[in-house]
Every structure is written in C-alpha cells, then in structure tokens.
Amino acid sequence: MVKNLQKVFFPGTENEKHILKNVSLKVYDGDFISVIGNNGAGKSTLLNTIAGTLSADAGKIVLDNHNMVKRPVSYRARWMSRVFQDPKMGTAGDLSVAENLVLAQDHTNTFSLRRFRRVDRWNRYQELLKTLNMGLENRLETQVKYLSGGQRQALSLLMATLSKPKLLLLDEHTAALDPKTSRDVMDITREIVTHEGLTTMMITHKMSDALKYGNRLIMVQDGQIKLDVRGEEKQNLKSEDLVKLFQD
Amino acid sequence: MLISSLGQGLLWAPLVIGVFITFRILDIPDLTTEGSFPFGAAVTISLMLQGHSTFIATLAGFVAGCLAGMITGILDTKLRIPSLLAGILTMTGLYSVNMHIMGKSNIPLLDQKVLTNYLPDSINPDVQTIIVGLIIVSIVVFLLYSLFKTRLGLSLMATGNNKAMSAANGIKTDGMIIFGYMISNGLIALSGSLIAQSNGYADIGMGIGTIVIGLASVLVGEIFLRGRKVMVRLMAMVVGAIIYRLLLTIAMGLGFPPDDLKILSAIILVIVICVPIIQNRINTKRQLKQYLAQLSEGEDYEQRNEVGNTSGQEFAKGILSRDGE
Numbered sequence: 001m002v003k004n005l006q007k008v009f010f011p012g013t014e015n016e017k018h019i020l021k022n023v024s025l026k027v028y029d030g031d032f033i034s035v036i037g038n039n040g041a042g043k044s045t046l047l048n049t050i051a052g053t054l055s056a057d058a059g060k061i062v063l064d065n066h067n068m069v070k071r072p073v074s075y076r077a078r079w080m081s082r083v084f085q086d087p088k089m090g091t092a093g094d095l096s097v098a099e100n101l102v103l104a105q106d107h108t109n110t111f112s113l114r115r116f117r118r119v120d121r122w123n124r125y126q127e128l129l130k131t132l133n134m135g136l137e138n139r140l141e142t143q144v145k146y147l148s149g150g151q152r153q154a155l156s157l158l159m160a161t162l163s164k165p166k167l168l169l170l171d172e173h174t175a176a177l178d179p180k181t182s183r184d185v186m187d188i189t190r191e192i193v194t195h196e197g198l199t200t201m202m203i204t205h206k207m208s209d210a211l212k213y214g215n216r217l218i219m220v221q222d223g224q225i226k227l228d229v230r231g232e233e234k235q236n237l238k239s240e241d242l243v244k245l246f247q248d
Numbered sequence: 001m002l003i004s005s006l007g008q009g010l011l012w013a014p015l016v017i018g019v020f021i022t023f024r025i026l027d028i029p030d031l032t033t034e035g036s037f038p039f040g041a042a043v044t045i046s047l048m049l050q051g052h053s054t055f056i057a058t059l060a061g062f063v064a065g066c067l068a069g070m071i072t073g074i075l076d077t078k079l080r081i082p083s084l085l086a087g088i089l090t091m092t093g094l095y096s097v098n099m100h101i102m103g104k105s106n107i108p109l110l111d112q113k114v115l116t117n118y119l120p121d122s123i124n125p126d127v128q129t130i131i132v133g134l135i136i137v138s139i140v141v142f143l144l145y146s147l148f149k150t151r152l153g154l155s156l157m158a159t160g161n162n163k164a165m166s167a168a169n170g171i172k173t174d175g176m177i178i179f180g181y182m183i184s185n186g187l188i189a190l191s192g193s194l195i196a197q198s199n200g201y202a203d204i205g206m207g208i209g210t211i212v213i214g215l216a217s218v219l220v221g222e223i224f225l226r227g228r229k230v231m232v233r234l235m236a237m238v239v240g241a242i243i244y245r246l247l248l249t250i251a252m253g254l255g256f257p258p259d260d261l262k263i264l265s266a267i268i269l270v271i272v273i274c275v276p277i278i279q280n281r282i283n284t285k286r287q288l289k290q291y292l293a294q295l296s297e298g299e300d301y302e303q304r305n306e307v308g309n310t311s312g313q314e315f316a317k318g319i320l321s322r323d324g325e
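In the order they appear, the protein sequences are chains R and P. In terms of the working numbering, the first sequence opens at residue 1 and continues consecutively. In terms of the working numbering, the second sequence opens at residue 1 and continues consecutively.
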C-alpha cells in the first residue's frame, strides 16, 4: 500500500519538479497491475520510490505491515524484487548463471560463511531453467555476459521470482528486446506470475501489453493516478479509450 | 638473483593480492595502498622495538591495514566521496599517523628477531625468506580461496560487478565495499610489515609507488596466468609479484640506479596495460581475415564443385566448430 507519496526533484531551484503529487494506491494481494503513462508522467519515479532507489520526500509505503519508506533497497529486498529495463542491470555479468541464482535465492544470508555451491541447489536451478525454454539449463556455469538480452532478461525474471516476493516490480522489462523475444518474455512473465500467484506491478509503454496482461490498469499522468480500473471494467477497456485519455 | 627475486616476490605477493581485491573484485583503484603499506611497516617495527613478539607485531600490522581500509571504505560509501579521492585522503592522513607512530622518518630494528630468524640458522637467508613467504602466501591464498567459495565471497564479487543488482537482491553493498577495502588494505599492510622485517627498518617513504607496483604486478600476473577460477586468479597474483621483482632485478643488473626504479615501474605499468590491448586488436584482425578468407574460399569451392559436391558439407562443419571454440 502506498499512501500520500510525494516526490520533489531539485526543490528550491528554478528546475523544481513536483513529480509525485500525493499519490495513494492500495495494491491487493494477487493484483497484476499494468502501469502506463506519458514520458515524464512519474510512473518510473513511482516504481523507483517503491523499490527504494529513490527516497520519498513524504508519505508512507506499507507492505506486510512494515513501513519501509525510510529503508534502503537491500532491506526492502526481503519483500519485493525487481526486473530492470536494461537486461545488463538485473544480473551480474561476470558471475555465472548459477551464481546469479544463488544471489537471488537467499536474501537474508548475504554475510553467511557457508559454501554457496551445493548439489541440491544446482539440480533445482536446472529444473527451473528448463521451464524457461531458452536452453539455459545446460549453461549453469556460463558467465551471464555471454547470454543474449532475452536470455538475460528471462534469467532476471526467474531470479526476481525465486524468493517468492510479496511484490514484484517490472520496469518496462521487455522494452529493450526485439518483438519476438519481448513476447516470449511476456509469456514467461505471465506464466510465473499466475503460477506463483505473485502481486505484480508492471510499467509498460505498450498499450496492447497493458490491456492484454493483468487484472488491473493504472494510468499515471502529471504525477497523479488518473485512471485505475480493475476486473471486468479493465476487460472492457479498449485502446481507443486509452488513446483518448492520453490526449486529454 | 632468481632466488632473491623469488623470496622478495613472495613478500610482495600479499600486496598484489590486496590490490587485486580492490582493483579487480571491487573495480576500484584504491590509493590507500600508498599509506597502508608503510602503516603496516611502522606498526610492526615499533611494536617489535617495544619488545612485543614478532608474530603479534606482524598480525598487528595486518589489523592496522584493515583499519586504514575501513576509513577509506567509510569515506567512499557513507560520505559518498569518490573512491579515488577517498583513497588519497586516507593516504595523506596516514602520513602523519605513520610519523607519530615511528617518531622519526626511519626506524631500524636493533637485534629483534624477525620472522626469518625463527628458522634454523643453517639455511641460506634467501631460502629463509622464500620459506617464510611461501608459508604466509599459502595461508593468505587458502583463506581467500575459502572466502570466495562462501556466500559472503559471492556477495562481495556481485557487489563489485553490479551494485544496483546486488542491492536489489538484499546485499548491503556499503558494508561489502568496506569489507573489501579492509581485507585489501590489511593484506597490503601485511606486505609492508614483511618487507620492513626483511629490510630491517621501516621508512616513511617506503609506500611511494606501491600502487603502481601493485597494479603492474596484477596485470603482469594476468598476462602469464589466465583463467576465471578463483584459485587460478589468486595464483596469477603471486606469479605476477614474483615476475615483477624479477624484472626489477634484471633492470638493476643492467645498471639502472635504484632512483630510476620508480620511473621503470611506471613504464612497466604502461607497457602491461597497452600490450594486451594491442595484442587483442591484432588477434581479432587476424581471426577476421582468416574467417573472411575462408568464406570466399568456400564460395569458390562451391562454384567449382557444383556437380557432385561431397565435401561442401565438411567445410560448413569446419566453420561451425571454429565458432564453438
């Protein structure tokens, strides 16, 4: 749940920009929300503020009865995980596929002195990678930087969902991919999200994706939530309606 | 000559491994080196002069380096000072600290026992150095190897590689960076402590140029021993330290005066940075030429054997297997 969130960039200068204007949003368990909006409308700022990369200037972010508005990204990682727009951002390129998965698996033991290489884990990763259908199951020891953008993004997605987060944030995660790969990754996304029953917020620039996926749609404009539809109302929404709203 | 460079190289190896941790794992060129190296030396020698045991004094040198690293780490992460500047600040501050510890700019050991004196006297001093160096380097390499096999080590590597992603996966990146600075500078100070014992004195100026020596050794090591495995990379650092000492010994043998060693170090660093880049470029060009030549050859081949072509497939296979290499 997000309450009265405010974000002002460069306060007190002539470049002052009030990006989030008192945004409140209640996310229900199991929601799959598509977030759309113009460039500069504040949707990325909203996501970054929830994730903790940007700090909110006022307001509350409550998840699982924890107010995490003042908490750093690493603390929030126990509840939420995120897939970045840039495939390079979500994975550590010099580490192998398996090592990346280890990083995603236990968030709480990052200082642990136990060996991270364990046979049972490796077998489980192989099973999971098989479900992606990208031929990654035989490349556990490959450094991630040698994978294609689509493979990297699919891996990021798997990593983000490995710890079964309370909230999954997708930041235009298919924008850097070609149309076919983008569709594949979206299909994987839908499969994982429905299979695990994850609460998800997805920013997208593609109106068709916003309409096709998810049970709820939010339109952000000028730092405020302009449209918030769910369920049947969203099913009946047409792209023409959205275009009209965009032009207003 | 070879034997003495081997021994000296082993004493310098902890420094090279320390520089490797900040430079390669955390991706930071850490100038604290220039301060923590004499810091380790100063602490060790003054403790020995005060009558403490050599082992404790050496260990204290290591711990002192860790503290220096912690300060740079805090400046870098918590106060958000750019890492290069953070290192310079600690290094500058350490100059005064070292002067206070030593009381004057050079303190010689009197008749205190250094680590090599714990070995039987019948052994040649150069061999003694090698034995002590080997024991210490083995311990350091073993501990670091074990570290990088743990979750903690993995978190450290991930932080250096992709900070945003590491934070998003729950790693406290600031803590990891400080931790990295600490072990790195601890090892560098340990090297300072060993070199001071081997020289028989600690000197305020002994840190000058150590970062260049460290970086050059890291790169030399990587030229000679390539690999992605942690053990190989650590061994490469030891090899780099030894070869670097050998290069300097050869230069001295050619008649360069000791004052010129610093500029030689700098020149060696420039060379080892440039050589792999040029090598790579030439290599890529040659491979490309080969590949293109093969392509056009293949076309001729196909035209010549349009009827009853049997070996065309073999050729295609050849290209594929090259790709696989």
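For the record, the hints were derived by calculation from the structure and aren't laboratory data. Be aware that a few hints might be false.
Stated by the list, open to error - Sample of chain R residues lacking proximity to chain P, with all beta carbon distances greater than 12 Å (derived):
#1 26
#2 28
#3 31
#4 38
#5 51
#6 60
#7 62
#8 78
#9 94
#10 141
#11 145
#12 172
#13 209
#14 228
#15 229
#16 244
Unchecked claim - Quick list of in silico lysine-lysine cross-link-like pairs, DSBU-like style, CA-CA up to 35 Å:
#17 R/70 <-> P/149
#18 R/164 <-> P/285
#19 R/21 <-> P/163
#20 R/166 <-> P/163
#21 P/285 <-> R/26
#22 R/130 <-> P/163
#23 R/145 <-> P/163
#24 R/164 <-> P/289
#25 R/145 <-> P/104
#26 R/180 <-> P/149
#27 R/88 <-> P/104
This one's a predicted model, so the numbers in the text were calculated from it and none came from an experiment. C-beta: ideal position from N, C-alpha, C; glycine also.
The hints, checked one at a time:
| no. | hint | result |
| --- | --- | --- |
| 1 | 26 | holds, 24 Å |
| 2 | 28 | holds, 24 Å |
| 3 | 31 | holds, 21 Å |
| 4 | 38 | holds, 25 Å |
| 5 | 51 | violated, 7 Å |
| 6 | 60 | holds, 21 Å |
| 7 | 62 | holds, 19 Å |
| 8 | 78 | violated, 6 Å |
| 9 | 94 | violated, 5 Å |
| 10 | 141 | violated, 9 Å |
| 11 | 145 | violated, 9 Å |
| 12 | 172 | holds, 16 Å |
| 13 | 209 | holds, 23 Å |
| 14 | 228 | holds, 27 Å |
| 15 | 229 | holds, 30 Å |
| 16 | 244 | holds, 36 Å |
| 17 | R/70 <-> P/149 | holds, 33 Å |
| 18 | R/164 <-> P/285 | violated, 48 Å |
| 19 | R/21 <-> P/163 | holds, 30 Å |
| 20 | R/166 <-> P/163 | holds, 23 Å |
| 21 | P/285 <-> R/26 | violated, 58 Å |
| 22 | R/130 <-> P/163 | holds, 28 Å |
| 23 | R/145 <-> P/163 | holds, 16 Å |
| 24 | R/164 <-> P/289 | violated, 50 Å |
| 25 | R/145 <-> P/104 | violated, 52 Å |
| 26 | R/180 <-> P/149 | violated, 38 Å |
| 27 | R/88 <-> P/104 | violated, 52 Å |
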